[in-house]
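Work out the full structure, taking the sequences as your base and the hints as a guide.
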Amino acid sequence: GNSVTQMEGPVTLSEEAFLTINCTYTATGYPSLFWYVQYPGEGLQLLLKATKADDKGSNKGFEATYRKETTSFHLEKGSVQVSDSAVYFCALSGLTSYDKVIFGPGTSLSVIP
Amino acid sequence: GAVVSQHPSWVICKSGTSVKIECRSLDFQATTMFWYRQFPKQSLMLMATSNEGSKATYEQGVEKDKFLINHASLTLSTLTVTSAHPEDSSFYICSASPGLAGRGQETQYFGPGTRLLVL
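Top to bottom, those sequences are chains A and B. Be aware that the first sequence starts at 1, since it is given in our numbering, and climbs by one per residue. Be aware that the second sequence starts at 1001, since it is given in our numbering, and climbs by one per residue.
With a Cα cut of at most 25 Å, we get these calculated BS3-like pairs of lysine-lysine:
no.: 1; chain 1: B; residue 1: Lys1041; chain 2: A; residue 2: Lys49
no.: 2; chain 1: B; residue 1: Lys1064; chain 2: A; residue 2: Lys100
no.: 3; chain 1: A; residue 1: Lys77; chain 2: A; residue 2: Lys56
no.: 4; chain 1: A; residue 1: Lys100; chain 2: B; residue 2: Lys1055
no.: 5; chain 1: A; residue 1: Lys52; chain 2: A; residue 2: Lys77
no.: 6; chain 1: A; residue 1: Lys60; chain 2: A; residue 2: Lys49
no.: 7; chain 1: B; residue 1: Lys1066; chain 2: A; residue 2: Lys100
no.: 8; chain 1: B; residue 1: Lys1041; chain 2: A; residue 2: Lys100
no.: 9; chain 1: B; residue 1: Lys1041; chain 2: A; residue 2: Lys77
no.: 10; chain 1: A; residue 1: Lys100; chain 2: B; residue 2: Lys1020
Examples of chain B residues lying across from chain A (beta carbon under 7 Å, computed):
no.: 11; residue: Leu1044
no.: 12; residue: Leu1046
no.: 13; residue: Gln1108
no.: 14; residue: Gly1111
The hints are simulated quantities; they were obtained by calculation from the structure and are not laboratory data. Backbone N, C-alpha and C define an ideal beta-carbon position, used for all residues, glycine too.
As C-alpha cells, then:
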C-alpha cells in the first residue's frame, strides 16, 4: 500500500550543523509531498510542500526536492538552530478521492547549543 | 490566513463520561475536515473524514459509535468521545481543507490539538 518512510531518530545536532532527514515514499500516481513540523506540546504546522516532480519546497531555511526517480523528499537545512528542535513528519496526499494524508513515523530533532 | 482552532486544548474527565472536542476553521470555509489521533512519540493516525452536511467516513478499526463526528457547518466539526475510558487518552488533532475531497492537491491546515486524559 501507500506509505512513507523516514530515517530513524532521534537526531541530535550541534547548532549551525547541516541537517538532512531522509524521506522516501511508496505510492501510485503523482502524490503531493509535505513536511510538517510539530513543536513540543503543539499541533502540526506545514513546513513546506511540493506538488509535482522536481519541485522544490522551501521555508525558513528548510528545503526539499520532489524526486520521482528515487521516490524521495529529503529535508535539508544548511545551519540548524536550537529553535528548530521539534518532530518532523514527512507526508503524502492526493492519492484518493478523500485526500487522505499519510504520515511517516516522524523524526525527532534536538539541536544543542 | 488558514487558521484552525480547537477547543478545549486540555481535558481531564472521569471514565464513563463523554467529551466533546470542537474544531473550527477561523478564516475559511472547510468543506472537509479530518480527525487524527496521536499517541506519545508516534505518528498521526487518521480516524475519520467528514464533509459538511454528510456522514463521516471512518477508517478501518475506528468505532463510529464511540467517536461521533458532526460537521454541521462549513466552519465547525465536533468529535465526541462517548463513554470515555483510560485507553482513549490521547492527543486528538483536527485538520481542515477548503476544497472538496477529491481534488488531490489540497493542503490540510491543522489545529493545535486537544489532549484528553481519562481517569
